[in-house]
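Asks: Below, each chain spelled out in residue letters.
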Amino acid sequence: MATKWACIDGNEAVARVAHKLSEVIAIYPITPASTMGELADVWSAKGLANLWGGVPEVIEMQSEAGAAGAMHGALQKGALATTFTASQGLLLMLPNMFKIAGELLPGVIHVAARAVATHALSIFGDHSDVMATRTTGFALLASGSVQEAQDLALVAHAAALRSRVPFLHFFDGFRTSHEMNKIALLEAEDLAALIDESSILAHRERRLTPDRPVLRGSAQNPDVFFQAREAANPFYAALPEIVQGTMDALAARVGRRYHLVDYSGSPDAERVIALMGSGAGAARETVAALNARGGRVGLLEIRLHRPFPSAALLAALPESATHVAVLDRTKEPGSAGEPLYQDVVTALAEGVAVGARGGRMPRVIGGRYGLGSKEFTPAMVQAVFEALREAEPRQHFTVGIVDDVSGTSLPVDGEFSTESDGVSAVFFGLGSDGTVGAARSSTKIIGEHTDLNAQAYFVYDSKKSGAVTVSHLRFGPEPIQSTYLIHRADFVACHHFGFLEKFDVLEKAKEGAAFLLNSPFGPDAVWDELPREVQEQIIDKKLRFRVIDANRLAREVGMGSRINTVMQPCFFALAGVLPRERAIAAIVDSIERSYGKRGPAVVRRNLAAVDRALEEMREVRVPAKASSKRRLRPLVPPDAPDFVQRLTACLMAGEGDRLPVSALPPDGTFPTGTARYEKRAIAREIPIWDSSICIDCGKCAMVCPHAAIRMKVYPPEALAGAPETLPSKEFRSHDLPGYRLTIQVAPDDCTGCGVCVDTCPAKSKEEVRHKSINMEPTDRHQERERRHFETFLAIPELDRGAIPVGTVKGVQVRDPLFEFSGACAGCGETPYLKLLTQLFGDRIVVANATGCSSIYGGNLPTTPWSSNREGRGPAWANSLFEDNAEFGLGMLLALERHMDESRRLLQRLAPEIGEELARAILDASQADDAAISAQRERVAELARRLAGIRGEDADAARRLSGLADDLVRKSIWIVGGDGWAYDIGAGGLDHVLASSRNVNVLVLDTQVYSNTGGQASKATPRAAVAKFAAGGKSVPRKDLGMIASAYGNVYVAQVAMGADDRQTLNALLEADAWEGPSLVIAYSTCIAHGIDMAKSMSHQRDAVRSGFWPLYRYHPGLDPHEYPFHLDSRRPSIPLSEFTHSEARFAVLERSNPEQARRLLALAQADANERWRFYEQMAQVERTVPHERPENE
Amino acid sequence: MTMPDLSTDYLGLRLRTPLVASSSPLTGDLDGLRRLEDAGASAVVLPSLFEEQITGEAMEIDDLLETGAESFAEALNYFPELDDYSTGPERYLGLVQKAKAALGIPVIASLNGTSPGGWIEHAKLIEEAGADAIELNLYLIAADPDLSATDLEARYAELVRSVRGAVRIPIALKLAPFFTTLAHTARQLVEEGADGLVLFNRFYQPDLDLETLEVLPRIAFSSSDELRLPLRWIAILHGRVRASLAATTGIHTAADVLKVLLAGADVAMTASVLLQLGPAHLRRLEQGIVEWMSEREYASVRQLKGSVSQKAVADPTAFERANYMRTLKSYSSRFRI
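So the sequences go chain by chain: A and B.
Numbering follows our numbering, in which position 597 of the first sequence is assigned residue number 605; successive positions increment by one, without gaps.
Numbering follows our numbering, in which position 213 of the second sequence is assigned residue number 222; successive positions increment by one, without gaps.
Keep in mind that the hints were calculated from the coordinates and are not lab data.
Among the hints, erroneous ones may be present.
Said to hold, decoys possible - BS3-like cross-link-like pairs, simulated, lysine-lysine; straight-line CA separation at most 25 Å:
(1) A:Lys633 x A:Lys516
(2) A:Lys687 x A:Lys737
(3) B:Lys320 x A:Lys605
(4) A:Lys550 x A:Lys510
(5) A:Lys1103 x A:Lys773
(6) A:Lys107 x A:Lys54
(7) B:Lys107 x A:Lys605
(8) A:Lys605 x A:Lys549
(9) A:Lys54 x B:Lys107
Stated by the list, open to error - From the derived model, a few chain B residues whose C-beta atoms are all more than 10 Å from chain A:
(10) Ala82
(11) Pro89
(12) Arg100
(13) Gln106
(14) Pro154
By construction, the Cβ of each residue, glycine as well, lies at the ideal position given by its N, Cα and C atoms.
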């Protein structure tokens, strides 16, 4: 049978095999493994069968722990069971992994290996997760490329069945899981050939059944536990041979040969590197290059890590090897060496001790590389070989960083390169412009339609709006194993003109490379618009320079901002990988296949883009000299703090790789308030205020997801001496006569989402489309608005009591302490966080669950959490995904202990401090801002008096000094998304709510796992399509609020800012004021809803009007005749269908499966009706919080 | 009493009665269609396939599915890739096929195109799907000041010609009443190949919300009062154009049906009243017609059809200007004394 080739990524390659070989697949989303679960879900939803004709059951669980539990159960019952995971997720599976292995159940876990969060979270690849499973008893099998990941996935399943030992098959997160490469596909027949049917029958025979009852999972006493633990040894002893046998069978069938330990390089190598995973690609290239230059070096690729194949290692390592460097992609602080190093040393020492290698022990050194997807290049491999030459090679080194703290790092020759003869291309794109999609398509076209090999790897931004993507593509006649980014490109495309001023786009261009620029300026005008640095590189590197106005062209053919099909044909025309005609035909074919199912109109507009692209691409005549006066812009203003200048600016420039160890905080502590220095200027249009129409409502500022439109009310004299006259209007207020109001945009921080304009209720009386704020082209207003914003920022915040805080304008005149996040344009979550900081920002500690909010809140380079003029602001920390409620509770317990201690010390020291002050502090109500402010003044006075205390109370005074701040009211806010609150953290959240402690919980409920790309959670409504619910969610969403209200003493509110901003505001105020636990569930629109995010707030309004999301507050009280449940929204006034029709998450099901949609939507309407009926009855229920009655009652 | 023969010919189709269910949400699914047939509808007109909507929807879904895609490492997209988004005409064609398979009465599909190619392409697909006839829904607000009546009419003529050239099934044209020279235009369109005229199209009429100052698209149910516009034109066109005539808009009672038949319609189409009172209302209409005809000893619908058309009445001007004059006079006499 002819080999079938495909360009796919590692996740898909593995999922294809796993789906075919499983009956039960229990899944849970986690980057970078989510795609495997998503594909399995889609395939099963389509009815794709496994090898035996059944459709695997794919079930999403509430956490990875749940997935492992379900897998364990399925295995006990005799099914072929699989799961996919990474990082923290794998760690949550640990207890079950011990059980599964202990019971010799042949399950398989496929892991896209990812760093475990330590001082910080990292979504990127290393082996720290896998290395934490070494003691579980699972066999660990490593793949280093997309081809290997597919092949060894099969080996894992087949060997698990034969050996009864469960397998963890791992490959590097992102580098392999997300790299597209051309691979030879395994067909069903190949799979069938390797799977031993009798092992399956035996596995089934062992299943739990009442027809042949047995008991497993007994509890054993000291007398036998140990012996029983040793009883399984023979299964492990047999395993290496079984794995090698399976690999041999694979080789016999498809010709690709693998060994437990593979050696490549010189047969008489002196210096050898040993490693696992994708680093082998770069190492293999380097070994070949060095040997070609006369070196004697080699590479050991260790594929089976557990059970460790000592004999195979000894056999594979050439006798000639005198020096071995073992590279670990993990860190084990305080160990004698990282795990692989220790294994290799032990294996060699044990072997040599019994006479292997002639009793000669090679010198073995260990080092770390590639943590968190740090690049691992041939230059670094060469550096390791160089280190092995040293008389005293550096032990426990690092490579790939500059360690100026502990001096562990090896010097790397930046010029060393092994890049081959193929074509390499780098594309700089904006996230929203389709660049990555085009790069994927080009890779598939070349990889699947020609004899050439192809590889694509994508580097994404940590921002969700205005994100930069860099696509690295290689094409060539030989299989491409370069597992590192391109440094010398034959082709560079810059898909966004603005990048030229921000990054060194041409740094990677080879001499004579082609440079394609998407430019609003034509071939004659563009030269003068380029920064001087760019001109110089074009001239010096003799680049072939072409321009095309792709944005205009895309607009004209109806593609909006997606320029992918304009740029793609230009790439083919310039790169010369394929003959032009053939390339165009392939593009057309690819468009028809990719977009055909979305309708002929979509295909037509893409084809129109292709047709016109080649006509409109123009060559630019490059002058002999650079003449531009433009320069690359400094990334941060000169007045930015030192930390920002030193570290943040470097990260923003994409040069973080160059930072030495000493530049980084050792414990993960970062300053807040840094987003304000990251002026991204990504909006093409910004809102401009027309003061003549404004009605002072403050709604624009309230809903702005990025705190980029702001409101200030001030006395006219506040602007005295200001360099600019700000637009302003009279503030309509009896209490503040003569005060002015200004609404101001932050032009470089606005994302141009348009939510403010959609929300603005003030329309011109002459022309209703003109509102009090209107989107206008940025370039027309940018300079002036920049000056205005600067002036605006200098205006002091209005006295906090001046306008009641319970009004929108009252809270919007306060400075937000959450600003300019990298969230998606129009994000529905961030307005709530911003509001939270305007209300309580100077006195809150935030425990933030992992998810979107922890990413836009805490992903480097900058953070939106900031502080006020006094330096106070939210203190923020993220622990994990699953433990956030507990994490926040811990903070509260600490706060309470400290408050308690400071009150005790205050009472004790009262005679010295002054009884009056002490009493005033102890008795302060701190119910509102004014009272809190007064308390702050008292505590400041306390600090002054404490400083004067000497003698025997001096120690107590010092202790109180350190804690006195906690005498001012503080709140703990526990923040996270629905994935956390409804699913993975539900148990902890429940426990914390049950504790009656004074914590506040804000659930940013997008009804899906937004951060990982929209997988269904228990908050996902019935009839919505989501990942892991590709056929439409069949069960209704969990009513978290009602579950919490069952406790009776938990304050619960369900809010939607776009529907009722006052209700949202009141809910947050009441939640903070409630002395017990509070839970605010905030409906948060999300791009995963498939909506126009400019209409984010309008969708929230319709969600409420249709009864989809009723607004309520459950306010517990002590009155026996209290009606705690307040139904705040009106009876539904539109049918649910009016709401669901407007959101693609529901609408796509109506198209893809109308029958199912009709059924589910009818049920969804019934859900809404029933919920409303229930809530109406709830509003009539009297309930009180049981409490001790005062004696005189 | 012998039962009068209610059968009628429309677009060359022999129908049991002149009562046809015109396009409405009721004709949009099988359940509604079956209820209409059970209640006695002699034919059904499916809701329109709007080319503009198909195109717009495909574009919009594509845009929404691409929003945020390939930007952020943890979320390379936000929706599962489905096999089929059915944004093309497939869903509609499926309805045609299912309706044909399920019903014994003729199924008339309806089409509103935007591009010349779109009209032809979709008309062919509808024919292939098995529709007995196709109603071209000329649903266009001529808001462009650069577009003259002559140009627009020529465009319509070309459209009818090209669709006629593309399909074999009968073609009906659903027209708006807003033509300067309706009779002339009607004849011209019939000459280009239309087998029938459906009078008239009712447009969604914009309304304004005084709270939000937004424009609201509204369609209200028709009332019997609206009958007089199609009544007049059917009476005028009957016998003057070689095409079937269908009256639609304002047909709520048996009396309304009888009036349009007398004026010369081959069929009476109803929608609003069926949405309000349910498909069973068709039985009452049929019964009413039978009673009226029996009382007056009409033997068949064919007999009465057009018997009070402009050609057949003693005073043909009654359907023209005089009608207007008299109405005005009668109002003045009532209120100006």
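Asks: Each hint needs a verdict: does it hold in this structure or not?
Replies: Each hint, compared with the structure:
{"no.": "1", "hint": "A:Lys633 x A:Lys516", "result": "holds (21 Å)"}
{"no.": "2", "hint": "A:Lys687 x A:Lys737", "result": "violated (28 Å)"}
{"no.": "3", "hint": "B:Lys320 x A:Lys605", "result": "violated (54 Å)"}
{"no.": "4", "hint": "A:Lys550 x A:Lys510", "result": "holds (22 Å)"}
{"no.": "5", "hint": "A:Lys1103 x A:Lys773", "result": "holds (23 Å)"}
{"no.": "6", "hint": "A:Lys107 x A:Lys54", "result": "violated (33 Å)"}
{"no.": "7", "hint": "B:Lys107 x A:Lys605", "result": "holds (22 Å)"}
{"no.": "8", "hint": "A:Lys605 x A:Lys549", "result": "violated (44 Å)"}
{"no.": "9", "hint": "A:Lys54 x B:Lys107", "result": "holds (23 Å)"}
{"no.": "10", "hint": "Ala82", "result": "violated (4 Å)"}
{"no.": "11", "hint": "Pro89", "result": "violated (4 Å)"}
{"no.": "12", "hint": "Arg100", "result": "violated (7 Å)"}
{"no.": "13", "hint": "Gln106", "result": "holds (14 Å)"}
{"no.": "14", "hint": "Pro154", "result": "holds (20 Å)"}
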